[in-house]
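Participant: Chain by chain, the residues:
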Amino acid sequence: MARVVVDVMLKPEILDPQGQAVQRALPRLGFEGISDVRQGKRFELEVEGPVDDAALARIREIAETFLANTVIEDFDVRIEADQADSAALAAKAES
Amino acid sequence: MARVVVDVMLKPEILDPQGQAVQRALPRLGFEGISDVRQGKRFELEVEGPVDDAALARIREIAETFLANTVIEDFDVRIEADQADSAALAAKAES
Amino acid sequence: MTVRVGVITFPGTLDDRDTQRAVRVAGLEAVPLWHRDKDLKQVDAVVLPGGFSYGDYLRAGAISRFSPVMESVIGQAKAGMPVLGICNGFQVLTETHLLPGAMLRNNHLHFICRDQKLRVENAETAWTRSYEQGQEINIPLKNIDGRYVADERVLDELEAEGRVVFRYRDVNPNGSLRDIAGITNEAGNVVGLMPHPEHAVEPLIGTGRTDGLGFFTSILKKLVDA
Amino acid sequence: MTLDTIKHAEQTPDVQQPWAELGLKQDEYERIRTILGRRPTGAELAMYSVMWSEHCSYKSSKVHLRQFGEKAPENDALLVGIGENAGVVDVGQGYAVTFKVESHNHPSYIEPYQGAATGVGGIVRDILAMGARPVAVMDPLRFGAADHPDTKRVLPGVVAGIGGYGNCLGLPNIGGEVVFDPCYQGNPLVNALCVGVMKHEDIHLAKASGAGNKVILYGARTGGDGIGGVSVLASETFDDTKPTKRPAVQVGDPFQEKLLIECTLEIFREKLVAGIQDLGGAGLSCATSELASAGSGGMRVELDTVPLRDASLSPEEILMSESQERMCAIVEPDKVARFLEICEKWDVIATVIGEVTDGERLEIFWHGEQIVDVPPRTVAHEGPVYERPYARPEWQDALQADDANKLPRPATPAELREQVLKVVSAPNQASKSWITDQYDRFVQGNTVLAQPEDSGMVRVDEETGLGVAVATDGNGRYAKLDPYAGAQLALAEAYRNVAASGAKPLAISDCLNFGSPEDPAVMWQFAEATRGLADGCLTLGTPVTGGNVSLYNQTGDVAIHPTPVVAVLGVIDDVARRTPIGFADEGHLLYLLGDTDEEFGGSAWSQTVHDHLGGLPPKVDLERERLLAEILISASRDGMVDAAHDLSDGGLIQAVVESCLRGGKGARIVVPDGIDPFVFLLSESAGRAVVAVPRSEELRFKDMCGARGLPAVRIGVVDGDAVDVQGQFGIPLAELREAHEATIPGLLA
Ligand SMILES: Nc1ncnc2c1ncn2[C@@H]1O[C@H](COP(=O)(O)OP(=O)(O)O)[C@@H](O)[C@H]1O
Ligand SMILES: [Mg+2]
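Residue numbers (UniProt numbering), protein chains in the order written: chain C, 1 to 95; chain B, 1 to 95; chain R, 1 to 226; chain A, 1 to 749.
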């Protein structure tokens, strides 16, 4: 079983009230030096069977038609490499 | 300016109705073979100055005290490598 | 004796004026408190009202928790001052860890507004003395992040110590674990619940019932008895 | 990079300008050149094109809307009429109420959640700009067929958007409509209404006067929202930097709007503004030109001081940006500091962007160079006016001849029962609580009545119990059959709904949703509907205080049904006297008020049972409506009725079923002599209501109706746990509840 991650973020030109609320709060919490925050969604999909090109294409279609609202959002699909230890450095494929 | 990404996901033992709603909808949309979906949040932070260990430690603190509620959520902090072309395959460091 | 009840306004708080009205209807004095002020103006009790503080944009209650006024509230709550968190206020109380657990998106993923039946499970807290153990009350519920969760150990502890103050009856409107609608801290002075007693203090208005008035008269009882 | 300054425009008279891409006609462009005596700069072209659009200038509808003023009834209650952000009505005890209904149809089809959310945000700012605290919202909605897959995309998004925004603002949603019809498939109608309350002395107007007064822009930063079209200009002037993609979709930030409301109300309390305007369609172009046009002098604006979200925006784009949650105030210089202080308190960004001048021009500068120099009235108030040709469509006669009264009727009581169940469970008649339960109806603690009551009612004064009631109605099917009558029927129904809850109707607002004005048939529908509404308002004595026109609701050459939506506002001296719809007390007697004729044209029955639309809509008798309203209001005031429900789609049986389900009690109904049970139960004759009268009040109530000449027939009694039509059929309440309540969740959940 492999995990595919779909990141969905508002397009850069679209207002992101959530990210802004976070950013405005940071200095008040004593954290300086963060010049911008954007908040989006992360989906983790567990795929049965091999994650070959066909499967990835299908997931990209899911992302495009369903997980993201492409009127206002961009998305990014990538395979998450098996991580025995999530703290370890791991190389990743980015689609 | 560097970008640090914070992923926040519900702990595995916590019911995730949003992820479930997605998973239940998939077969109806003609997508089979996805055995589980979890939905979480992705934050993109633009950091002024170098992202050294000190900066990362600070961001981990932001994540732990603020971006995630560790009663219910796990989080993961990582530097997003510079991507000239987001369509290109890129190697990433995972913290 | 006049009992002074502070009602906090955060940016995005909605039910502050309603809560002040409820406090007045119960015969107490309502004292507006502002999120930027540490000064609690010598109130005898504090209510954190409902709403969407900071838009609930990160998580409900997550940003308000860091406000100056909350520093004082946390200190006073630990010293025994009665604190009531309604809806968003309950969410703030869990975010500050004055109350255990957390609030998540409703299991059906929608905002829900309904008349909700509750059972009073603990009539001895600072905010429930006007009720009887086991009494059923009906007050409005309205939220999108109302699903109470905590781990099993915490839930067992809450049950064992009688700290589940309200349970949903007839319908569990949001998937809260063990039908929990409201809880209290160990000392019984801090109470949080999702439904809205302040919307049920006058006949005709809202549900047309006055089942919520008891919260505010309880505090009078408690402070007069003390 | 060349900035298109006034000087530059003067020096380059022959530059080709993209007026056509911006939606201007050749003659309109020529007119701008004549007004200015030169070619417009890019920024001026941007302003004129957006302000002269149909949406902002009402150029097709203006000639017809004039009737609302010309035929306005004498009415002492009207404090501010058409033309301001919203009309204002005196409701007594020193209070004034402002309300308005507006459309956000097209954006809600493109992006249902954000489209609907920003629709609510926009109308709330209109109300706020009048000086009022917004106290309630309503949402009349129309969607395509209930079982169409796209409805499953649009409806939940729209509902979540309205709820997400309104709930977060703390405005109770007290009513609205949900109608399904295939004609709205590609053109859903998302109308939104807001009501606000203030004291008379708090009324504010949108005008800039007093030379030296400052122009303050406050609220959200300006981003590239909703300016997809104007990028053509940016790409012309900024030849070396290609504009980034500009979103056509606006995203709402209800938290920012909530801060804007509280901040603005505090500013009003301290009397710090001389004039105020919200930013909605056409953004700063609209706000600056309207403020200057309505005021006494001119205005000078330093556009580069506007706080931006996206630093790459060109001046043209800044002028046209429709970024939400912004307001523009005119403030005397010595009050500016306090104004800014209050904004700071609420974390609202506020910037002085210019000042009122003693000239007559609106002048806009960009880093010291002048890019706009126009007479503001020519932008804001003296746009083009069209006398569009209109003609009764040739299909109208055939449509009216296709008489619904001739459709096959149920032959047996069993068949009648089955058809009744079909009507009460059809999507249009079914319970909408799956939708309305997603809206907060309790917030602010003043809600007396909310859905599914006949009207929404909120308390205005805690001491005296003064309250206002609002109902919205519209029936596109009726209006398609006869737009004149259809508009009056919408008015009559909303009027009746307000009266049924015990409030006295005072004034109306309307949202006119139609197809393309370039189609003479549509223009005829529009002309007929406005004429009907204006005549109706004159007869009922309820002036039009404001509203909104939404044209081009069509796909290809197929237009939506003409859909005038009417909102009636009423006042009640003491909300304790309100009349709910629920039959809650056994033994109360049921009276049917008004006359029932055979009227099935456009009816719910003809739609659900026969999928038919033809014939004539129910007859309109506004004098009768007035009498009925008087009786309902007297009955409420004198405690003669315990429940009342107006009759509309689905006729008597629909009303009885709703009242029984609401009150939790059944009813025994007797069909009066001489009337066919089918007609009695399902005809949609207007001017009717059903009331529940306590036995002790029966005599007094009958006498009152008799004395005033209103037909009142006893038709049954509240009793048992079924709706039992004697000699015909009985249906247990449980079965009715299931039929009525399961439909919408079944389609959408
Ligand atoms: N979109 C909506 N938002 C809020 N309330 C609604 C909406 N749609 C319908 N309602 C409410 O549901 C009830 C029934 O609607 P409807 O059948 O259209 O009423 P009526 O026929 O009396 O005008 C009314 O109280 C109405 O205000
Ligand atoms: Mg009605």
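Quick caveat, the hints were computed from the structure, so don't treat them as lab data.
None of these values were measured; they are calculated from a predicted model.
Even glycine gets a Cβ: it sits at the ideal position worked out from N, Cα and C.
Among the hints, a few may not be true.
[Unchecked claim] Taking lysine-lysine pairs in the DSBU-like style, the calculated list, with each CA pair at most 30 Å apart, reads:
(1) C:K11 to B:K41
(2) A:K345 to A:K335
(3) A:K271 to R:K38
(4) B:K41 to A:K152
(5) C:K41 to B:K11
(6) A:K152 to C:K11
[As the list claims (entries may be wrong)] Only some residues are given here: those of chain A computed to face chain R with a beta carbon under 7 Å:
(7) G163
(8) T351
(9) G445
[Claimed, not checked] Distance ranges between label pairs, derived from CB positions:
(10) C:T65 to R:H97: 33 to 43 Å
(11) B:E46 to R:K78: 33 to 43 Å
(12) A:A749 to R:G208: 23 to 33 Å
(13) R:E29 to A:E74: 44 to 54 Å
Participant: Any of the earlier hints contradicted here, and which numbers?
Facilitator: 8
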